[in-house]
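Visitor: The primary structure of each chain is shown beneath.
Number of protein chains: 2
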Amino acid sequence: MPTQTSQPAFVLVRPQMGENIGAAARAMWNFGLDRMRIVAPRDGWPSQKAVAMASGAGRLLDEARLSPDVPDAVADCSYVFATTARQRGLTKPVYSPEAAMKLAAEKIAAGEKVAVMFGPERAGLENEDIAKANAIISVPVNPAYGSLNLGQCVLLTAYEWQRQVAEIDHEVVEMGKADWATGVEIEKLSDHFEDRLMEAGFFYPPEKAPNMKVNLRNLWSRMALTNADVQMLHGIMRQMVRWKKRGEE
Amino acid sequence: MPTQTSQPAFVLVRPQMGENIGAAARAMWNFGLDRMRIVAPRDGWPSQKAVAMASGAGRLLDEARLSPDVPDAVADCSYVFATTARQRGLTKPVYSPEAAMKLAAEKIAAGEKVAVMFGPERAGLENEDIAKANAIISVPVNPAYGSLNLGQCVLLTAYEWQRQVAEIDHEVVEMGKADWATGVEIEKLSDHFEDRLMEAGFFYPPEKAPNMKVNLRNLWSRMALTNADVQMLHGIMRQMVRWKKRGEE
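From first to last, the protein sequence lines stand for chains A and B.
Quick note on the UniProt record's numbering: the first sequence kicks off at 1 and runs consecutively.
Quick note on the UniProt record's numbering: the second sequence kicks off at 1 and runs consecutively.
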């Protein structure tokens with residue numbers, strides 16, 4: 001059974017080696033985190049190598065939620081961080097682990113669901129994954145030598161989470177009770193706009209289309225949209241389509 | 001050659017596996033630390049396994065100072081920390097990694113020489129070693145599960161050193177070749193959407209129209225939009241209108 005504490009989910013996106021998934025579980029549990037989610041692990045699931053490495057934190061693997069893709073993994077989350085080592089040319093807030101876990105703690109105290117995504121060992125997260133996040137976490141490593149591995153990145157982030165909750169244990173942050181849109185709502189909004197705009201011929205020329213789509217998705221996920229905002233944006237698109245159809249009759 | 005920055009020495013006391021010495025070198029150099037000292041490594045020195053694991057941080061191993069015992073290793077230091085996982089029943093100040101590295105930074109800035117000792121993988125430092133230290137560093141791990149290894153302990157301590165000496169990194173936003181939109185640009189965007197949506201019959205029923213318009217303007221102005229975002233949103237609306245007009249021809 002997971003612990004009852006409120007905490008972010010840690011999402012391992014397309015992890016490659018089972019050993020590293022096990023090491024991530026240990027790193028998390030060292031700091032009291034036990035909500036692991038795993039997206040499309042390269043070598044299948046469950047993993048004997050993960051279990052062997054997780055010694056004592058194996059429960060996290062048993063209880064890990066497996067997802068086929070990132071949208072499924074963060075569908076219930078209203079705020080998603082992406083950890084990256086390099087600059088990616090996407091317009092997004094970039095936080096240190098400390099600032100990010102402080103923000104996460106505030107959001108979770110206000111009732112939001114928060115996730116942190118970690119990319120595959122070799123290449124890290126794809127821009128497509130990062131576009132689905134609200135903000136970036138970047139560990140300020142030595143510019144002459146950045147070689148944090150997956151387990152180390154999970155460790156530092158979990159450590160900062162623990163530091164932040166230890167500090168705000170006493171002062172619980174009160175925030176205005178807005179109903180933030182969840183990941184699945186943002187995903188549906190993105191799909192809706194993308195589909196209609198495709199129909200309308202917006203993504204032109206074809207060679208630029210993939211990049212235009214990423215930028216558009218990045219726009220929606222970067223904005224702190226409420227339920228009401230999402231409904232209004234859906235309504236705008238539906239109305240434009242209705243208007244077009246009326247013109248055709 | 002070691003870097004010219006002032007920094008604490010990290011002393012690995014009787015480390016067992018070469019791999020862990022290599023991992024410690026990487027962890028240190030990730031955060032700009034390059035003064036390693038090694039006391040009586042179990043498997044001899046130099047170590048091929050350490051070199052293989054240190055990839056890119058091998059210089060730290062070449063330059064590491066080898067000592068036969070702890071007194072020799074810290075002979076030139078005026079303040080020594082000992083990292084421990086458990087309480088040892090010794091009367092000594094106990095610091096978190098954060099507080100310890102803050103203190104270390106202050107002492108080093110005042111011209112003192114500071115060392116941090118890390119014990120062997122299995123058992124940690126002996127009480128005899130700890131007795132030679134001025135203070136203890138204890139990482140606040142999950143009381144139900146403390147399983148930090150040598151490399152992880154070095155990583156967290158090095159990370160905290162870097163945090164203490166680095167400029168406090170507040171939120172920075174990574175700008176993907178974009179500037180923030182100005183007030184007048186947001187105003188024009190609002191006008192554009194309002195005009196077209198009026199034409200399209202979006203603001204309905206009439207008694208709700210003023211409120212809907214306010215909500216829409218509020219949405220654009222609340223979002224941190226860049227120039228590029230504003231252009232994309234203009235483009236979306238223009239394309240929907242073009243699409244409608246094509247339908248009419």
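Hints were generated in silico from the structure; no laboratory data involved.
Just so it is clear, the structure is predicted and the values come from calculations on it, not from any experiment.
Honestly, I wouldn't trust all of these hints.
Copies of the same chain are indistinguishable here, so a pair counts whether it falls within one copy or spans any two.
No farther apart than 25 angstroms at their CA atoms in a straight line, the calculated lysine-lysine pairs in the DSS-like style are these [unchecked claim]:
1. K188 / K102
2. K107 / K208
3. K49 / K245
4. K208 / K245
5. K208 / K49
6. K188 / K213
7. K113 / K245
Visitor: Each of the hints needs a verdict: does it hold here or not?
Guide: Do the hints match the structure? See the list:
1. In this assembly of identical chains, the alpha carbons of K188 and K102 never lie at most 25 angstroms apart, being 29 angstroms within a copy and 36 angstroms across copies at closest.
2. For a Cα distance limit of 25 angstroms, the shortest separation of K107 from K208 qualifies neither inside one copy, at 36 angstroms, nor across copies, at 32 angstroms.
3. Taking the shortest Cα distances, K49 and K245 never come within 25 angstroms of each other, neither inside one copy (57 angstroms) nor across copies (60 angstroms).
4. When the C-alpha separation of K208 and K245 is checked against a cutoff of 25 angstroms, the pair qualifies only between copies, where the shortest distance is 24 angstroms, while the shortest distance within a copy is 28 angstroms.
5. In the homo-oligomer, the alpha carbons of K208 and K49 never lie at most 25 angstroms apart, since the shortest distance is 42 angstroms inside one protomer and 48 angstroms across protomers.
6. For the homomeric pair K188 and K213, the shortest alpha-carbon distances inside one copy (14 angstroms) and between copies (24 angstroms) are both at most 25 angstroms.
7. Taking identical chains as interchangeable, the C-alpha atoms of K113 and K245 are never at most 25 angstroms apart, the minima being 39 angstroms within one chain and 43 angstroms between chains.
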